[in-house]
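J.: Let the sequences and hints guide you as you build the complete structure.
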Amino acid sequence: MTRMQPPPARRTAIVVVNYGSHGLLAQNLPVDREPGVDIVVVDSFSTTAERTAVETLAADRDWQLITPERNVGFGIGCNLGAERGLALGAEVLVFVNPDASLPPAARNRLVATVVADERVVAAPRIERPDGSVWASGTTDLYLDSGTMRATRKRPTGTSERAPRVQTWLSGACFAISAPLWREVGGFDPDYFLYWEDVDLSWRVHEAGGRLVTLEDAVAVHDEGRTHSETGSTRARSGTYYYYNIRNRMMFAHKHLRPSDVRAWRRSSLSAAKAIVLQGGRRQLLTGTTPWTAAARGVRDGLRAGR
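The sequence shown lines up with residues 1103 to 1408 when you count with this note's numbering.
Derived from the structure by calculation, the hints contain no laboratory data.
All of these numbers come straight from a predicted model, not from anything done at the bench.
All C-beta atoms, glycine included, are put in the ideal place defined by N, C-alpha and C.
Incorrect hints may appear among the rest.
[Stated by the list, open to error] Below are the SDA-like pairs computed for lysine to any residue, each with C-alpha atoms no more than 20 Å apart in a straight line:
#  : residue 1 : residue 2
1  : Lys1255   : Trp1236
2  : Lys1356   : His1307
3  : Lys1375   : Leu1386
4  : Lys1375   : Leu1387
5  : Lys1255   : Glu1317
6  : Lys1375   : Met1250
7  : Lys1255   : Glu1229
8  : Lys1375   : Arg1211
9  : Lys1356   : Met1250
10 : Lys1255   : Pro1231
11 : Lys1375   : Asp1402
12 : Lys1255   : Gln1380
13 : Lys1375   : Leu1295
14 : Lys1255   : Gly1239
[Said to hold, decoys possible] Computed Cβ-Cβ distance ranges for the label pairs, DEER-style:
#  : residue 1 : residue 2 : range
15 : Ser1234   : Glu1157   : 31 to 37 Å
16 : Thr1149   : Ser1361   : 43 to 49 Å
17 : Arg1221   : Phe1147   : 34 to 40 Å
T.: In structure tokens form, the structure reads like this:
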């Protein structure tokens, strides 16, 4: 017999943005409706068959379904889902990627944390299916260079000049109170994909909020199943390369001082190379997509502040 979980501390909306991944929705989202919990699925249009499959799932499982006529991207999709959740009376919003599984007990820990302090954005420890760590804690964004490193790996030496860093939480899975979400204005729609979570974290900091990770709340994230085009466990899509590279500079133009923007511009090519090589070198032998996407990303990122 399945043990029933207690209801969340406050009315909650689980918001999921889907793009061509109805199988992951069926696998990872709760089957049964829970008291006080609404599931809001935003299906960015990919194909007619995918839309039909998502509509069938939503009807069978009593999901709230939003069906844009085009692919609106992650940030706008989350904003649409949040708007529906808030209209239904949600006091806490929980955002989950389609390829992430968040057990009810872990979700309720996130919700309870946010209820206890509405200025907190709470994330779980995120593991891969093999149990290895995908994300645990915040990531540091180094403002002098635009590079990133897990906060737990921050240097602790006694150098004369401490690095200028700002922490951020992954958008793969997190909970936020309705008041804080409204205050910061949700995700910035300019990003489409990638860096929108860095941007949101920045605005949470500016609003006096805090980012926390709960080690005793665990989600499982099967990274890359929603955007890999090659079947490789490392190679990424041209979409991944383009928006990661472009949005790095877009973020700088939106939030950083002019001297930082100039430094980030000077390192655009080396940053683009590092992002492409995240997919491994083998991909470079089979086509030009990574470098073409990177070149476009560098070009459009440099234009972002004009």
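J.: Look at each hint and say if it fits the structure.
T.: Cross-check of the supplied hints:
1. Lys1255 with Trp1236: Holds, at about 15 Å.
2. Lys1356 with His1307: holds, 15 Å
3. Lys1375 with Leu1386: Holds, at about 12 Å.
4. Lys1375 with Leu1387: holds, 15 Å
5. Lys1255 with Glu1317: The hint holds at about 17 Å.
6. Lys1375 with Met1250: holds, 15 Å
7. Lys1255 with Glu1229: At roughly 18 Å apart (the allowed maximum being 20 Å), glutamate 1229 and lysine 1255 satisfy the hint.
8. Lys1375 with Arg1211: Cα-Cα ~39 Å, so violated.
9. Lys1356 with Met1250: Answer holds: lysine 1356 to methionine 1250 is near 18 Å, not above 20 Å.
10. Lys1255 with Pro1231: Given that 20 Å is the threshold and the Cα spacing comes to 23 Å, the pair is violated.
11. Lys1375 with Asp1402: holds, 16 Å
12. Lys1255 with Gln1380: holds, 19 Å
13. Lys1375 with Leu1295: holds, 19 Å
14. Lys1255 with Gly1239: Distance of about 11 Å is within 20 Å: holds.
15. Ser1234 with Glu1157: 31 to 37 Å: With a Cβ separation near 36 Å, serine 1234 and glutamate 1157 satisfy 31 to 37 Å, so the hint holds.
16. Thr1149 with Ser1361: 43 to 49 Å: holds, 46 Å
17. Arg1221 with Phe1147: 34 to 40 Å: holds, 36 Å
When each numbered hint is compared with the structure, violations occur for hints 8, 10.
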